[in-house]
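Dock chain B against chain A, hints included.
Number of protein chains: 2
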Amino acid sequence: FADSWKNFRSVAFKAWELGRSDPRKIVFSAKMGLALMLISLLIFFKKPVEELSKYSVWAILTVVVVFEFSIGATLSKGFNRGLGTLSAGGLALGIAELSVLAGEWEEVVIIISIFITGSCMTYAKLYPTMKPYEYGFRVFLITYCFIMVSGYQTREFVNTAVTRFLLIALGASVSLAVNICIYPIWAGEDLHILVVKNFMGIATSLEGCVSGYVNCVEYKRVPSKILTYQASDDPVYSGYRSVLESTSQEDALVGFAIWEPPHGPYKMCKYPWRNYVKVSGALRHCAFMVMALHGCMLSEIQAPAEKRRVFQSELQRVGTAGAKVLRELGNKIKRMEKLGSVDILYEVHEAAEALQKKVDRKSYLFVNSESWEIGNGPKQMKEPHVFLKIDDKSKFQENMSLSQVAIDINLIPISKSWDDRNSNMGFKNIGPAGVRSENMLEKQISWPTRPPKADTVPEEEDAEEESKTYESASALSLATFTSLLVEFVARLQNVVDSFEELSEKANFKEPVEPPAEV
Amino acid sequence: FADSWKNFRSVAFKAWELGRSDPRKIVFSAKMGLALMLISLLIFFKKPVEELSKYSVWAILTVVVVFEFSIGATLSKGFNRGLGTLSAGGLALGIAELSVLAGEWEEVVIIISIFITGSCMTYAKLYPTMKPYEYGFRVFLITYCFIMVSGYQTREFVNTAVTRFLLIALGASVSLAVNICIYPIWAGEDLHILVVKNFMGIATSLEGCVSGYVNCVEYKRVPSKILTYQASDDPVYSGYRSVLESTSQEDALVGFAIWEPPHGPYKMCKYPWRNYVKVSGALRHCAFMVMALHGCMLSEIQAPAEKRRVFQSELQRVGTAGAKVLRELGNKIKRMEKLGSVDILYEVHEAAEALQKKVDRKSYLFVNSESWEIGNGPKQMKEPHVFLKIDDKSKFQENMSLSQVAIDINLIPISKSWDDRNSNMGFKNIGPAGVRSENMLEKQISWPTRPPKADTVPEEEDAEEESKTYESASALSLATFTSLLVEFVARLQNVVDSFEELSEKANFKEPVEPPAEV
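Line order of the protein sequences matches chains A and B. Sequential numbering from 2 applies to the first sequence in the numbering used here. Sequential numbering from 2 applies to the second sequence in the numbering used here.
By construction, these hints were calculated from the structure, which means they are not laboratory data. Among the clues, some could well be false.
A pair holds if it fits inside one copy or across any two, identical chains being indistinguishable in the list.
[To be verified] Below, computed lysine to aspartate or glutamate pairings styled on EDC-like, alpha-carbon distance capped at 20 Å:
no., residue 1, residue 2
1, K339, E505
2, K268, E135
3, K132, D23
4, K226, E246
5, K226, E501
6, K198, E69
7, K339, E307
8, K271, D4
9, K7, E501
10, K26, E135
These figures come from a predicted structure and were not determined experimentally.
Next comes chain A alone, as it looks inside the complex:
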């Protein structure tokens, strides 16, 4: 007993939480109860009209089926139901007349007509573009069969069809009246909010990625949920995942929103709901780059912290400016404001340019000249042992990774410092290539799982070469991160363009504070 009491309390708590997170759900439930109550009342009170109560089931059915969360969905279902009933009623009456003419073959005609209609309607329903009318086809079939069967028994085809239609109309109007007059919930508004939320989600993911990357935050173990693309509560991951996953939700909402009459801030007759989806699509195109940036964090080939620190301020600046642009666009959509004459991308472009210039000046950090086949200055790679720093070895081992399985490193060698031999080259100020910062020390290492093949017995020289290969890959990962970030900035233009198209078509208002211009 105590157990079931605990269960009850936990269920009650969940229900309470659900209501608190979205009070509209409570309102909607109450509205549904009200609509059902009203339709029952009508049927009670109309007792004198025998017919009505006999077919009361149709009215109840209609209310339960048509009463949907948003106005758009209710309208679209109501339309489907009405159209399906009307056309099926017409067809059924026609076939019924014919079947009577058939005389003693009447039953055969009815049964065959049911088979043919059932097959054809089902087949038509399966056609992809018919998807939104799926419900209408079902209603058509139900109505057709019902009128044929019950009409045959009562010989009142017309009466059956008309009563049925009246009751459905009654149910539908009660549903619509309750749903629209009391605290209406609009699909268009939901779509609007969803798009804004997507902007904020990507902004958060972007910031998280960039600041995580420059601060060398690492995943000690990549959650397997991320590896198999399941929902996870990692904030960076869930930010972009929810944007990717919202495609189908957006499609559903836009399908309902176009049914809704002008209302609230959406005062136009043919409001451009599809443009919201387009903006969201352009944002998704940006989100793919954020995903790739996150991939750099998830990858276990990681650039050394020293090198990241060199670009820290520039990367951070681009990340912050990019997130700011996204948030500003999100807010503009929320407030339904036009862009105005300020170039919203100015700051992020400046930041990206600064990053590019820095990359240009410092691109030697991305490469490891030791193994260049064109030679690497006076000191050749034949004598690297002179510069071994044995105490770096243990740190370097932390770098072993999933990714390295791919490049089959069997023995981990030694980091070499460039500092000792840059005199002739004019090099100065290059940090050791393989040293990691402290917060990476606890990382678990997944050693290569492939057993050493006979022809790849680890030799000293082999291993050394592998090490350099790895070093080079690890530094290039920083280059990858910066390129992806710049590409992200480039894709922002596309988001801004889609936004401008939307703001034109939807007649957004001019920004509140006009920028001071000459």
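Relative to chain A, chain B alone:
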């Protein structure tokens, strides 16, 4: 008239195409017609039982609603319908007894109970984990209201409830019998096929990306459908897009598949359908890298063709090996075979290793030493004009791009060849940095849209610096491509792991040709 004849012919042609592409749809439609025919027959012949034909609508309704494309969906809907009807019937009978006790307040009790039940059920339905039972809640509401209303009028609560339940059972059993006995269509099989298709899609996308990249295939104009993530018939794009979009389809199919009894090749009782989704998720994690690779093709900062050609064979090898692994895994899933003792990743790891080594030896191609602040050898960047090749200028202009808008290049400068000044550095064999291959010549250029700001008036020196910045970015894009490809290979391990988990749990058979082992 001729017009409508043409319309009719085009509709008929589409219908024919639909049937040819998936003959199961024709079979399913015929089955639906058959089920409707059978239920109508039953109701006709049972005419003596007055009750049955009076409530015939329930049987018809049940057939139309429960008869779904796959067995799993039919079973799950049938279960929902049965459970909803039973529990609502029980509750309604209880409340009806109570309302009779209430005497003159009976109507009030009934109406209030309808309101409360309606609200509570609707609220419960909105709870996220209740989503699969949404249909059950609807049935519950319909049944409850119907029994209350019609029971009150006829005073035959029990009779109404029982008849209704019997007719629903009749409809459900006709649906199930027809659907399972005649050419059953299994959701599990669909899921299986979908996962295999996803593997093939990613393999095609990967091959397309890599071979497109090394052959310098370019988008003259990136289709706006890609930029806003809409469906497009670009093969590379649609390959990975369909994999991303299939999430919701997979979720739906797995929800139905777990309802299906063991059948065909899926002989276990609790067949691990969720593992198929997991494999697909791991594949999706790989697909993100393919998307990023495609991003490199879409980006308008492009590496020069010469440099790509240097890595051509290695990149191509990794791409081909990666696609081969994906296809092999896909085929193994299709044939339900285990991996066997051969290391499926051996070849692609070797290829990735070769690529990495080449990258290591040639990473000077990724950078532009001219602007290194640490100096770039004997020749300093102060005197680059000596090496101008004016005829390269026009070619270089092709490189202008969307991405460059981000780095605000106002004046396009001149490519510089390294060849002329590599004597002291030991450089040899480096192609000119900015020259593009012929198939890029016709590219449309989107010039920066941002008007020059007062403080960024293009100066000669500025522009030159920009040029180098651009050159550096363009070469780094090749580095990005290779890093992403290596990361893709690393992520393959994860797909193989998920596949092994699946093959264990689902008891896949050992491969047909056992590898020759000692």
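Quick rundown of the hints versus the structure:
| no. | hint | verdict |
| --- | --- | --- |
| 1 | K339 <-> E505 | within (8 Å within a copy, 57 Å between copies) |
| 2 | K268 <-> E135 | neither (30 Å within a copy, 34 Å between copies) |
| 3 | K132 <-> D23 | between (29 Å within a copy, 17 Å between copies) |
| 4 | K226 <-> E246 | both (15 Å within a copy, 18 Å between copies) |
| 5 | K226 <-> E501 | between (37 Å within a copy, 17 Å between copies) |
| 6 | K198 <-> E69 | neither (23 Å within a copy, 35 Å between copies) |
| 7 | K339 <-> E307 | neither (43 Å within a copy, 45 Å between copies) |
| 8 | K271 <-> D4 | neither (55 Å within a copy, 30 Å between copies) |
| 9 | K7 <-> E501 | neither (54 Å within a copy, 41 Å between copies) |
| 10 | K26 <-> E135 | between (26 Å within a copy, 15 Å between copies) |
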